[in-house]
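**Q** Here are the chains, one letter per residue:
Number of protein chains: 2
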Amino acid sequence: MDYAASAVSNPSSIHELGVITRRKLENARRHVAEVLFARPGEIIFTSGGTESNNLAIQGVVYAASFLPHIITTNIEHPSVLETFKLLEKRKLAQITIVPVEKNGIVDPRKIKKEIKKNTVLVSVMYANNEIGTIQPIKEIAKTVRYFRKSVKVKPSREGLTFTGYPLFHTDAVQAANYLDLNVEKLGVDLLTLSGSKIEGAGRVGVLYKKKPVPLAPIFGGGDQEQSIRPGTENWPEILKFASALQAAQKIKNKEAKRLTKLCDYFIERLRGTSASLIINGDLENRLPNNVNVTFPKIPSDLLVLELSARGIMCSSKSACESSREEGSYVIEALRNTSARQPARPAGGDLAENVGGVRFSLGRDTQKQDIDYTVKVLAQILQKLKKWYN
Amino acid sequence: MDYAASAVSNPSSIHELGVITRRKLENARRHVAEVLFARPGEIIFTSGGTESNNLAIQGVVYAASFLPHIITTNIEHPSVLETFKLLEKRKLAQITIVPVEKNGIVDPRKIKKEIKKNTVLVSVMYANNEIGTIQPIKEIAKTVRYFRKSVKVKPSREGLTFTGYPLFHTDAVQAANYLDLNVEKLGVDLLTLSGSKIEGAGRVGVLYKKKPVPLAPIFGGGDQEQSIRPGTENWPEILKFASALQAAQKIKNKEAKRLTKLCDYFIERLRGTSASLIINGDLENRLPNNVNVTFPKIPSDLLVLELSARGIMCSSKSACESSREEGSYVIEALRNTSARQPARPAGGDLAENVGGVRFSLGRDTQKQDIDYTVKVLAQILQKLKKWYN
Chain H
0 MDYAASAVSN PSSIHELGVI TRRKLENARR HVAEVLFARP GEIIFTSGGT
50 ESNNLAIQGV VYAASFLPHI ITTNIEHPSV LETFKLLEKR KLAQITIVPV
100 EKNGIVDPRK IKKEIKKNTV LVSVMYANNE IGTIQPIKEI AKTVRYFRKS
150 VKVKPSREGL TFTGYPLFHT DAVQAANYLD LNVEKLGVDL LTLSGSKIEG
200 AGRVGVLYKK KPVPLAPIFG GGDQEQSIRP GTENWPEILK FASALQAAQK
250 IKNKEAKRLT KLCDYFIERL RGTSASLIIN GDLENRLPNN VNVTFPKIPS
300 DLLVLELSAR GIMCSSKSAC ESSREEGSYV IEALRNTSAR QPARPAGGDL
350 AENVGGVRFS LGRDTQKQDI DYTVKVLAQI LQKLKKWYN
Chain F
0 MDYAASAVSN PSSIHELGVI TRRKLENARR HVAEVLFARP GEIIFTSGGT
50 ESNNLAIQGV VYAASFLPHI ITTNIEHPSV LETFKLLEKR KLAQITIVPV
100 EKNGIVDPRK IKKEIKKNTV LVSVMYANNE IGTIQPIKEI AKTVRYFRKS
150 VKVKPSREGL TFTGYPLFHT DAVQAANYLD LNVEKLGVDL LTLSGSKIEG
200 AGRVGVLYKK KPVPLAPIFG GGDQEQSIRP GTENWPEILK FASALQAAQK
250 IKNKEAKRLT KLCDYFIERL RGTSASLIIN GDLENRLPNN VNVTFPKIPS
300 DLLVLELSAR GIMCSSKSAC ESSREEGSYV IEALRNTSAR QPARPAGGDL
350 AENVGGVRFS LGRDTQKQDI DYTVKVLAQI LQKLKKWYN
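One line per chain: the protein sequences are H and F, in this order.
One point on numbering: in numbering that gives the first Met the number 0, the residue at position 278 of the first sequence is 277, and numbering is uninterrupted.
One point on numbering: in numbering that gives the first Met the number 0, the residue at position 124 of the second sequence is 123, and numbering is uninterrupted.
Rather than coming from a laboratory, the hints here were simulated on the basis of the structure.
Among the hints, erroneous ones may be present.
[Claimed, not checked] A few chain H positions that, by computed beta-carbon distances, are all more than 12 Å from chain F:
(1) P77
(2) Q93
(3) Y145
(4) N288
(5) K316
(6) L383
[To be verified] Simulated restraints on C-beta separations:
(7) H:N26 / F:G271: 38 to 46 Å
(8) H:E283 / F:R362: 57 to 65 Å
(9) F:E198 / H:R270: 55 to 63 Å
(10) F:Q365 / H:Y371: 57 to 65 Å
[To be verified] The list that follows gives simulated cross-link-like pairs (lysine-lysine, PhoX-like), each with its CA atoms no further than 20 Å apart:
(11) F:K88 / F:K112
(12) F:K260 / F:K366
(13) F:K90 / H:K88
(14) H:K90 / H:K141
(15) H:K90 / F:K90
(16) F:K88 / H:K90
(17) H:K239 / F:K239
Even for Gly, the Cβ is constructed at its ideal location relative to N, Cα and C.
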């Protein structure tokens, strides 16, 4: 007699079925909170990583009672970088995009220099999705906190008690499988997770929001998720997400060790071929499962397709940008470290704009997969050499 | 070698697995388009009904090159009504909320009277989620189109060719199972669907957007869904949604007939009891599966809990608002038809604010369920009569 609430079950219904579903949902929330060393009330469920990043950034901007200034880097995921540009275009925020260094890591001092009186948010990703570099999150958090103490407390438009701006957000989507997610140790106020990068997790997103942080909703609607994210929670996927996140945490250290070895072996084998190549991004501070390589003069899109034809799935840039003609703005940022916003290299100029090939390993990747990849890659490069040099 | 794109499969990856997934997704899009008599390029997938409604409203507002004016009614779902209030509060739009008549149906002439030079959007739900009344969508569409012809074409900020404002959006979430979804016949420019109200459908939303309609994204991010809705598509759920929508269409007329009979029988049986009651909403223009009843002096929340304790799941208002103390603003709107925005009745004043009990039937509801419900309800009312009169 309640089909209009939901064809399955709605955790916001007050009848028994609703209450049972609500209990399961809150249980999942508690599990996610435990992994982050946070409180259940600090976990907001969204539809995915893109929405979580948007909610963190737009939510802080909308909650500010003045025209706010926000800071990020030039190698963030499009769901951060494009959100910054959208807010600037709509005159809702002033933005600063800090360029990373040649190794794909941002210098915290360069962020510090950009913090102004009206800076409400610094958003720096935990680990990069293309080149796997790990940013100095704890150090940036300290920088932001230091500045925070020295400014007056600004009351938010929503009327909440609040210890002051700027806030610090990190997109931890690519970090979730391998890095420490303790929000207290990291010193972050907002943190994004996505189910789509965790094996067995549902298609949902998480936004950790430290309790006193004022965050305004993007959507108008119902009372779900503390009215910060209206819309019926996708509880079947959330339940899957919570279990998968816990499972990933249990094998995190072991997998990180195994994959680091495997990636080191991969790089060694690649260097052992006759091909000329550049490994993109810092060799120390990187995800254990990421190898991003540029083969000078050889277009990386072509390599991805040639490898795919031989059963090897990898990518040339963020899948979120795959319909664009241009190359990778992340790789471009490493080559051109003075640019605030690296120009998207033109699609036609292949010799100049070959991008990088990203290999991202996972639970099922074994040594023989690396051996096969290197063998096939060497064959492809041999074939392509005739045309590109 | 592509775990960073997705732990499962990403339809935006250019390798073979990505291409296969993309094909499945586009197939699902074609199926949804067929049901709506639309083109595949006019279907945008979102995370749910709340997001689709927000995207329709905020997207039109952001695409306008001036301070826009938008119109809706006072019994819309919170994801429409609260979005209007959010945009007004943020000074991004001027809003008008037209009150419905005593029967829960809006008079198109009252909408016509409110259309101004800067009106960009009229949003009226197809069928109401609480009382099931069906709005005169075709008539409102004609009104809007008539006005559109008489105003000059305004170029959008996004630089698209466009035939002029105001646009017409309808939230068809509650209508999907039973009413005609032919967008050409309805005359709508934007239409919202949600998987959560269709049996077997995944937790996704759809926004139909007529091709020339300028719509700006809410989220910054990747290129998915024509860059109007960035974020990796939830393709496993989208596939389920497309099949379930097709299946619902096939049995639509038969189910509508069966449920209309069942609801008529339900009302007849209810009237046969000694309880005094009011059937809320128009008796002709209503969803075939909805019966909303007010039992004067008896709080509907209490009835929902008493019924739940006896295995009958129904509701007292939108589940999206269940955490609020107040009663139903939809029922309140029927009693107070001059109010632009009906005051939310105070929670404490039970005698004045008893709301309504919504019974919404579905595929598994049979005559014996109605008989059982009426029997149990009569017992509960008998018991409660002593305390509330």
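**Q** None of the hints should be skipped; say for each whether it holds.
**A** Now the hints, each set against the structure:
1. Not every C-beta of chain F lies more than 12 Å from that of P77 (chain H), the closest at about 5 Å, which undercuts listing it as non-interface.
2. Every CB of chain F is more than 12 Å from the CB of Q93 (chain H) (nearest about 16 Å), matching its label as outside the interface.
3. For Y145 (chain H), the non-interface assignment is confirmed: its Cβ lies about 29 Å from the closest Cβ of chain F, beyond the 12 Å cut-off.
4. With a cut of 12 Å on Cβ distances, N288 (chain H) falls inside the contact zone with chain F, its closest approach being about 6 Å.
5. K316 (chain H), annotated as away from the interface, has a beta carbon of chain F within 12 Å; the closest lies near 9 Å.
6. Every CB of chain F is more than 12 Å from the CB of L383 (chain H) (nearest about 17 Å), matching its label as outside the interface.
7. A beta carbon spacing of about 44 Å between N26 (chain H) and G271 (chain F) agrees with the range 38 to 46 Å that was offered as a hint.
8. Distance hint check for E283 (chain H) and R362 (chain F): the Cβ-Cβ separation is about 59 Å, which falls inside the suggested range of 57 to 65 Å.
9. Against the hinted window of 55 to 63 Å, the Cβ-Cβ separation of E198 (chain F) and R270 (chain H) comes to about 57 Å, which satisfies the hint.
10. Checked against the hint of 57 to 65 Å, the C-beta distance between Q365 (chain F) and Y371 (chain H) comes to roughly 59 Å, which is consistent with it.
11. A C-alpha spacing of about 24 Å is found between K88 (chain F) and K112 (chain F), which places the hinted pair above 20 Å, so the restraint is violated.
12. Pair hint K260 (chain F) plus K366 (chain F) holds up; C-alpha atoms about 10 Å apart against a cutoff of 20 Å.
13. As the CA atoms of K90 (chain F) and K88 (chain H) are separated by approximately 16 Å, the hinted pair is consistent with the 20 Å bound.
14. Distance restraint check for K90 (chain H) and K141 (chain H): the Cα-Cα separation of roughly 29 Å exceeds the 20 Å cut-off, and the hinted pair is therefore not satisfied.
15. Between K90 (chain H) and K90 (chain F) the CA atoms are separated by roughly 13 Å; this keeps the pair inside 20 Å, and the hint holds.
16. Distance hint between K88 (chain F) and K90 (chain H) is fulfilled; the C-alpha atoms sit about 16 Å from each other, no more than 20 Å.
17. Under the criterion of a C-alpha separation no larger than 20 Å, the hint pairing K239 (chain H) with K239 (chain F) is consistent with the structure, at around 17 Å.
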